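Here the protein sequences line up with chains P and Y, keeping their order.
Read in order, the letters of the first sequence correspond to residues 624 to 885 in this note's numbering.
Read in order, the letters of the second sequence correspond to residues 16 to 336 in this note's numbering.
A few of these clues could be false.
Unchecked claim - Restricting the straight-line Cα-Cα distance to at most 20 Å, the calculated cross-link-like pairs of lysine-lysine (PhoX-like) are:
1. Y:31 <-> P:878
2. Y:316 <-> Y:227
3. Y:227 <-> Y:210
4. P:879 <-> Y:227
5. P:878 <-> P:707
6. Y:20 <-> Y:31
Just so you know, the hints here were simulated from the structure itself, not pulled from any lab data.
Source: prediction; values computed, not measured.
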Amino acid sequence: MSTYLQFAVIKFRNKMAYRFDYLLGILNTLLSFVVYWSIYKALYGGASEVDGVTFSMVTTNFIISLGLSSAFHKNEMFLQDKIKQGTIANELLKPVNFKLRMLFEDVGEGAFNVAFNFLPTVVIAAFFANLSAPSSILNVLLCLVSVVLGYIVLWQISFIVQSWAFWLFNVWGLITIKNVFVNILAGAYIPMWFMPEWLRNVIQFTPFDSIYFTPVQLYLGELQGWEILINFARQLLWIVILYVIGEFCWRRGIKKLVVQGG
Amino acid sequence: MIVMKNLTKIFPSGIKAVNDISLHIAKGEAVGLIGANGAGKTTLIKLICGLYLPTSGYIRVFDENPFGRKTKASNIGMVTGQVITDGYNYHFGHGSSLLQDDLSLELNMELIKNIYRIPADLYKQRMKTLLPQFDLQEQLPYRVSQLSLGQRMKAEVAAVLLFQPDLLILDEPFIGIDVVAKETIRRILQETVSKRETTVILTTHNVEELEKICDRVVFIESGRLVYNGSFDRLKQSHIGLNCMRLQFQGTPPDLQDFPIERYRIDNHTLMLYYDNSVVSSKDISSYLLSHGKVSDILIQKPTVEEIIRELYKEGNHGNDN
């Protein structure tokens, strides 16, 4: 395992070496936060709550979901580039698990983004926006665990779409569409509370709300007792299901590669 | 060591990329794999690496079926340098084999250390010798994407030597790089070969490099093994000869008075192979220019491919090792 952890460490150190290149990233995250925050501020029009949802809850939802969506790193063109350039063979020759290595390298960059993009954004936003305080320390810890699980869910969705590059000439378009879908259905653009009832019922059967919304709910203390366990179980279940799908696509892709060439 | 018997790889499109090749490469040997583009060199390499499933035939690399090994090997090092495409544009570049574009060279080396589990003291020791050899000390803090093509290729070779594989495969490592970098890489490869611990397979179109590094030449054409033999024999027969290629308007004139080694006529093109110390290019060309209507003239050292193709056409091919 330490081998894979090293992949994350190396990526993190690399980003550190060029950290000034990423300063603008904070501005980017902050800007999209301010846009959504302003829209909802206008929509609230000074009201303290709408349908039992306070404005600070909405603000917190945006900071967590928008902040994490830019911090959660996934090198989405990685597989396609390797396949197109024909260097996937060189990668497969290396005596490490390709997928795990890819994941940990993304984790390394993600960790950098959390430290140097997400956290500064939160601090800056706290000056002008009214963020909800966490309901308890325990809730913060539970939220952190579910953030990690949410990241694995998100990463695997990305991996599945990327693996289609074995069959499709270009997956960039699909990745873009996927990202829009994920961001909408995961509640990054419209908080889950304001979604129509039927849509929320549909989303319940998808992995999307376990990416950002579960952490948001845990942070705000919206989940109690059994609900917490059920939500963690849902995240884990999706990780398993997506893993199986991802493995299936990956192995079929490799099989295509060794038989048909690439 | 590598053993192949009647190895064949047919792609679903029907292309026989590797067709009934039998070959033996001993430990510590340096073999030059040559052939035109699309001849099947890269397919053969991928079969050796276990990255392609053979359609039929037998292959063992270090007494193992490379395909059964699940394509993971810490004792095989591969460096690829060739024209790559990113799916949108074709451009010259080196498909990153070992190094990652976005990482600094130093972190790339640490990545190699991590992937191939090189002990820390060995790593330090090897870096100390490799970096000055390749003149790469200054490049350590730079991202690999910022390096020049020559520096990058040197770095790739340094990276592969860092984990000292038993089998070192270099697929077109000299494409597009400058003379100095080429010489550095060639010199270090020569040193590696002279130790006789690493088996080297090198594909290149560059006859000089091939000659200096390899003991043996394996020539593939349309997936078939055409020539497999020592470099010496090739050299005796052809290298050192000049090749003059003349385009005529009409029939080329008769040349029987000149001590030409061999010639070939294709339509209006005359190919002459001659020893410049026996008969000068000047004499031949001035004779031909005055006796025929020459529209184009080209004098060059024949490439290894040309030599071998000539040999093959004479039915002179075979194994002599």
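Worksheet item: Where does the structure disagree with the numbered hints, that is, which hint numbers, in rising order?
Response: Of the numbered hints given earlier, the structure breaks just one, which is hint 4.
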